[in-house]
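K.L.:
In this note's numbering, the protein residues as written are 112 to 233.
The hints are simulated quantities; they were obtained by calculation from the structure and are not laboratory data.
A couple of the hints might just be wrong.
To be verified - The following label-pair restraints were derived from C-beta to C-beta distances:
(1) Glu155 with Lys184: 22 to 30 Å
(2) Cys123 with Val159: 32 to 40 Å
(3) Ile171 with Asp196: 16 to 24 Å
Idealized CB from N, CA, C, for every residue including glycine.
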Amino acid sequence: MLLPSQVKKIICAVLLIVTLAFGEIAFNPPTALADTANIATGAEVFSVNCAGCHINGSNIIRRGKNLKLKALKKYKMDSIANISDLVTNGKGVMSAYKDRLSEQQIIDVSAYVLSQAANDWK
Numbered sequence: 112m113l114l115p116s117q118v119k120k121i122i123c124a125v126l127l128i129v130t131l132a133f134g135e136i137a138f139n140p141p142t143a144l145a146d147t148a149n150i151a152t153g154a155e156v157f158s159v160n161c162a163g164c165h166i167n168g169s170n171i172i173r174r175g176k177n178l179k180l181k182a183l184k185k186y187k188m189d190s191i192a193n194i195s196d197l198v199t200n201g202k203g204v205m206s207a208y209k210d211r212l213s214e215q216q217i218i219d220v221s222a223y224v225l226s227q228a229a230n231d232w233k
């Protein structure tokens, strides 16, 4: 049978390990999507499929929901994963592209949008 002081040490050790594990995840988020993205391909995909409504990061349908960095942050669309989800599934007047673009094309165009937004679409 363990003594109370031994139980306390075990609990502290487990909590320390869990805390360190979560800290590692928080400070080193997965970058798999960014690592596989091709910005040049994303630019081509954007030109063919997105520029009709989003030329230079604008939005001809809903002006406030544009692709500028401020709007992307406001609507929690400032990550490749979140933009990819929106492009894949659509929302409101934004069409879903899961049947028109491959998963890689969606990742590429999402990375392109973020890179352009970071440069104010210049």
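K.L.:
Would you mind marking each hint as holding or not holding in the structure?
P.N.:
Evaluation of the provided hints:
no.: 1; hint: Glu155 with Lys184: 22 to 30 Å; result: holds, 26 Å
no.: 2; hint: Cys123 with Val159: 32 to 40 Å; result: violated, 57 Å
no.: 3; hint: Ile171 with Asp196: 16 to 24 Å; result: holds, 22 Å
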